[in-house]
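A.B. asks: Based on the hints, put chain B in the right spot on chain A.
One-letter residues, chain by chain:
2 protein chains.
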Amino acid sequence: MPLKLFELVGTDEARPFSPFCWRTRMALAHKGLDAESIPWRFTEKEAIAPHKSDKVPVLLDDETAVADSWTIAVYLEDAYPDRPSLFGGEGGRAMGRMMNWWGDVAVVGGMFPLIIADIPGHLAPVDAAYFRKTREARFGKPLEQVAAARDKSVEGFRRALDPLRLTLKSQPFIGGTRPNYADYIVFGPFQWARVVSPFQLLAEDDPVYAWRERLLDAFDGMARKSPGYQV
Amino acid sequence: MPLKLFELVGTDEARPFSPFCWRTRMALAHKGLDAESIPWRFTEKEAIAPHKSDKVPVLLDDETAVADSWTIAVYLEDAYPDRPSLFGGEGGRAMGRMMNWWGDVAVVGGMFPLIIADIPGHLAPVDAAYFRKTREARFGKPLEQVAAARDKSVEGFRRALDPLRLTLKSQPFIGGTRPNYADYIVFGPFQWARVVSPFQLLAEDDPVYAWRERLLDAFDGMARKSPGYQV
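These protein sequence lines are chains A and B, in that order.
Residues 1 to 231 in my numbering are what the first sequence spells out, letter by letter.
Residues 1 to 231 in my numbering are what the second sequence spells out, letter by letter.
The hints are simulated quantities; they were obtained by calculation from the structure and are not laboratory data.
Be aware that a few hints might be false.
Said to hold, decoys possible - With a Cα cut of at most 20 Å, we get these calculated SDA-like pairs of lysine to any residue:
1) A:169 / B:33
2) A:169 / B:68
3) B:169 / A:71
4) A:52 / A:31
5) B:31 / B:3
6) A:133 / A:117
7) A:152 / A:74
8) A:225 / A:200
9) A:55 / A:65
10) B:133 / B:118
11) B:169 / A:109
12) B:169 / A:74
13) B:169 / A:68
14) B:169 / A:67
15) A:169 / B:31
16) A:169 / B:71
17) A:169 / B:70
18) B:52 / B:37
19) A:169 / B:109
20) B:55 / B:131
21) A:225 / A:38
22) A:169 / B:104
23) A:169 / B:67
24) A:31 / A:214
25) B:4 / B:33
26) B:31 / A:133
27) A:45 / A:124
28) A:31 / B:89
29) B:31 / A:89
30) B:225 / B:34
31) B:169 / A:70
32) A:31 / B:90
33) A:169 / B:158
34) B:169 / A:124
35) B:225 / B:213
36) B:169 / A:90
37) A:152 / A:117
38) B:169 / A:104
Okay, chain A solo, but in the shape it has when bound:
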């Protein structure tokens, strides 16, 4: 029985977004595993409730349901040990936990205010209303106000990428000569942004831009082929 992956989509089922689902997509590709995509929308909580989650990604592997992108990565590493390693050993797995938090805080968290106002336009009315209500409660203001100064505030986001930028001076990927899960942790959010927003997060002469290009090319251009803005 093939793997199945609940993935966040909006009105276009061929346009999966969510930084976390993209981490899992890249991890599956890294392991050389196919997964049937099950499109899922913000308000379809009941579709994943049987799998004990209210968020995606949720991976179904035969009788096993696994929720949360980090938990899925660890599951895939353990369940498919003969496939290429996502972590490159125990040290990488342990450090990967912190890379994942850095990715959540600095990358997802830093990017979210910059692209948030572009998201409702990709959603059906019921999902757009849900998204706007829950996220405006979180930020305490309208989405358009959150994103208003993004031409300026993008500078702080770019600066926060310095640890990645400096790493790329001596190696093409966080994983070294080839990407590993640490790269997908950071790339997932960039792919999310690319799918939903025309906003330019990176300057073209930024080494992080070139790194993102390499990951767009990975796995026969899987991420690049997915519908998105050319940014």
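C.D. replies: Just chain B now, with coordinates in the frame of chain A:
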């Protein structure tokens, strides 16, 4: 021939500081290697010039001189492969490069303005003058002004530790159940601060505080035994 390590000191030779030298000290202890300490002061450039460096740490291993804490860690991992691993595999080594930059930018860089004004008091006059001149040029103002608002600006430093703080929710060390070089990358700066400054960088109920305590206890309390403030 035993290993030798040039370490930064001030007026008290028994009080080595420098975040980078402490990374190396912890790495040597992790590998179970002894090293003879060679005290070195900021203005003693000629003492290390033959080893093609103008900064410490510089490690001497028989005929081999290795400068820069990251380069030393990689050297030790390769030269002493039968000793406990610093990186836990190739993935950890590759991700460690980015952890090192995160440590330099967020931890050393975030901490420096907070403790900088306390450093000259630990230095001989010639070194204090050198330190003040070079660092005031870097910050563009007197050291005392750099540190002036530290009771307030420490909050930003603490927030920047969120990726570590969140990681510690599920594991006691960045390296997992035991510390590895990623822990020493971040601990080195904390030990530097502890040696030179009475300023309290961490709240006592912070999980990062408890993590630092665990590393102060590591290797039979090596770092705790070194003279420092009780902060």
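A.B. asks: Does each hint hold? Answer for all of them.
C.D. replies: Results of checking the hints against the structure:
1. A:169 / B:33: Violated - the C-alpha atoms of residue 33 of chain B and residue 169 of chain A are around 31 Å apart, more than 20 Å.
2. A:169 / B:68: holds (16 Å)
3. B:169 / A:71: holds (15 Å)
4. A:52 / A:31: violated (25 Å)
5. B:31 / B:3: Since the Cα atoms of residue 31 of chain B and residue 3 of chain B sit roughly 12 Å apart, the hinted pair holds (cutoff 20 Å).
6. A:133 / A:117: With Cα atoms ~12 Å apart, residue 133 of chain A and residue 117 of chain A stay inside 20 Å; holds.
7. A:152 / A:74: violated (37 Å)
8. A:225 / A:200: holds (19 Å)
9. A:55 / A:65: holds (13 Å)
10. B:133 / B:118: Cα-Cα ~15 Å, so holds.
11. B:169 / A:109: Holds, at roughly 19 Å.
12. B:169 / A:74: holds (17 Å)
13. B:169 / A:68: holds (16 Å)
14. B:169 / A:67: holds (18 Å)
15. A:169 / B:31: violated (28 Å)
16. A:169 / B:71: The hint holds at about 15 Å.
17. A:169 / B:70: holds (14 Å)
18. B:52 / B:37: holds (19 Å)
19. A:169 / B:109: The hint holds at about 19 Å.
20. B:55 / B:131: holds (13 Å)
21. A:225 / A:38: holds (18 Å)
22. A:169 / B:104: Judged against 20 Å, a Cα distance of about 15 Å means the pair holds.
23. A:169 / B:67: holds (18 Å)
24. A:31 / A:214: Given pair residue 31 of chain A, residue 214 of chain A holds - Cα atoms ~18 Å apart, limit 20 Å.
25. B:4 / B:33: holds (11 Å)
26. B:31 / A:133: violated (54 Å)
27. A:45 / A:124: Judged against 20 Å, a Cα distance of about 15 Å means the pair holds.
28. A:31 / B:89: Holds: residue 31 of chain A and residue 89 of chain B sit about 19 Å apart, inside 20 Å.
29. B:31 / A:89: holds (19 Å)
30. B:225 / B:34: holds (16 Å)
31. B:169 / A:70: At roughly 14 Å apart (the allowed maximum being 20 Å), residue 70 of chain A and residue 169 of chain B satisfy the hint.
32. A:31 / B:90: holds (17 Å)
33. A:169 / B:158: violated (28 Å)
34. B:169 / A:124: violated (37 Å)
35. B:225 / B:213: OK: residue 225 of chain B and residue 213 of chain B at ~12 Å, within 20 Å.
36. B:169 / A:90: Measuring from Cα to Cα gives roughly 18 Å; hence the hint holds.
37. A:152 / A:117: holds (16 Å)
38. B:169 / A:104: holds (15 Å)
In the structure shown, a violation is registered for the earlier hints numbered 1, 4, 7, 15, 26, 33 and 34, in ascending order.
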